[in-house]
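A.B. asks: As a plain string of letters, each chain reads:
Number of protein chains: 2
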Amino acid sequence: MAYDGVETPHGKVDRMLGGAATYIGLAASYFAPVKIVAVVGDDFAAEDMELLAGKGIDLEGLERVPGKTFFWEGKYSADMNDRETLRTDLNVFANFQPKLPESYRAVPYLLLGNIQPALQRAVRAQMTGVKVAGGDTMNYWIAGYRDELLETLRDWDFLLINDSEARMLSGEHNLRRAAAKIQEMGPRTLVVKRGEFGAILFTGGCHFTAPGYLLDKVFDPTGAGDCFAGGFSGYLAQRGVDPHGGKVEMQDWRRAVIYGSVMGSFCCEQFGVDRFRTLTLEEVEARYREFKACTDF
Amino acid sequence: MAYDGVETPHGKVDRMLGGAATYIGLAASYFAPVKIVAVVGDDFAAEDMELLAGKGIDLEGLERVPGKTFFWEGKYSADMNDRETLRTDLNVFANFQPKLPESYRAVPYLLLGNIQPALQRAVRAQMTGVKVAGGDTMNYWIAGYRDELLETLRDWDFLLINDSEARMLSGEHNLRRAAAKIQEMGPRTLVVKRGEFGAILFTGGCHFTAPGYLLDKVFDPTGAGDCFAGGFSGYLAQRGVDPHGGKVEMQDWRRAVIYGSVMGSFCCEQFGVDRFRTLTLEEVEARYREFKACTDF
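Sequence order for the protein chains is Z and E.
Going by our numbering, the first sequence opens with residue 136, and the numbers climb by one from there.
Going by our numbering, the second sequence opens with residue 136, and the numbers climb by one from there.
These aren't lab readings, by the way, just hints derived from the structure by calculation.
No experiment lies behind these values; they were computed from the predicted model shown.
Heads up, a few of these hints could be off.
[What the hints assert, rightly or not] Derived pair list, reagent style DSSO-like, types lysine-lysine, alpha-carbon separation capped at 30 angstroms:
1. Z:K203 <-> Z:K147
2. Z:K352 <-> E:K316
3. Z:K427 <-> E:K316
4. Z:K190 <-> Z:K234
Construct the complete structure from the given sequences, taking the supplied hints into account.
C.D. replies: In structure tokens form, the structure reads like this:
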């Protein structure tokens, strides 16, 4: 969990609620009960706690320690497909060792946000009855912590990464061949996110391509990938998907990708988490139907 | 019609059959009878004539004049999303003034390849019973021949361009708003091509997003956009789409986009037009079904 300073062509916010756990939790809360594990400093605002608690998110695993909350500042390019990091202050995140409360351990669905692979593995190890575990990673870990990452991925059911990361991790430019190599590393399901161009799901020997939702206006893409992850994993949990227990339907994985895209698209409509302050489940379902109407042939 | 010299990461061909009319004609021939209007020099090979004639393409409008056929040479980047033009010799194309044979004038479907807008308009003016007219253009004409292009577009039913061209023509970055502006210029239907990321169709107040077909291997993308145009317009002709006569189904436009994508994807599988030497209608239909299977949710 973080505070972010963000500048896009549509405006600038010096400090607003952010972080992978925040976005994932907010998006997933529309589909299933959510429990967050994260760390914040003593500067973390009561109103930000209230936003999360108001969505029914369990904050027992949210550690609050002396010091400042992680801070990130970035600026987006004119077309918002690129961004430059201006500042990263790890603050209390530097010494974070995630510890799961007892009440979290038997939860069947685990989504690991983008942090050091060893920490992701340590969280996974504290869980006792996981049906589906998956998560995110990034170029930094792929390049500098490869062995640790490979060790971590071995136990995952799904991996969500973008196309350049899939190419980097596999050493293959072609995405079909990249996916086949990554699936051999552990995750039987891979989702390659392509921003405004949609996503591709690879599972078993099949793939599913979903175009991006065509927004009228992109205000701020911060958190869109995490909201995709939240919508995706929240929907899997809602459906009770259980690949090891034999309950797995191709349509569930596919619809999870669409719900991920839906949540990512809402995220971009306002700065930071603002869209989630008013977003209703009815709006989510309406956009899912619109997605279907705009892709059917 | 042209000869091309092409280098991709998979190989190099010094001289092979190419040109928009060639690719469009080959792709469209799987759906409807095709008549080509173009110019070649006296170096144009008999075997290239035979390839086209063998697909049932009418070559009465193919002018053969003294001199050399248009020649283009280019080299693709490692990921094949960019290319550099190394040489363009207009040759006999420099003085091309398209003249339609009498037997062409009453044809109801017209696709105008990417040439100077005034020439496109001159072809349109020779037609007597057009139901659907549309075509392609490029950044060069948008930037340097804007008024001429706008005059030409006014009579078109559809325009096929890529995303950067749509942004350039409209002055809008957001594709939904760009499309709305372009539709006011004349073409009620706009297809924005996005290469490997698929295409978006805008028609009336609706849009349809199609992801790209995920190829195992891209050998040579030369001509893929023209094959999209050929598959798209060939399918419209096969279905007898007639927006002015009241026969227009949303599903026809959408399926035309998918058939366009199918033909573009085959084009990339081998160098130049080679894939069309062996491609069967059964393979085309199988890929359409595969497209459906990979996008359904």
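A.B. asks: Against which earlier hints does the structure fall short, listed by number upward?
C.D. replies: none
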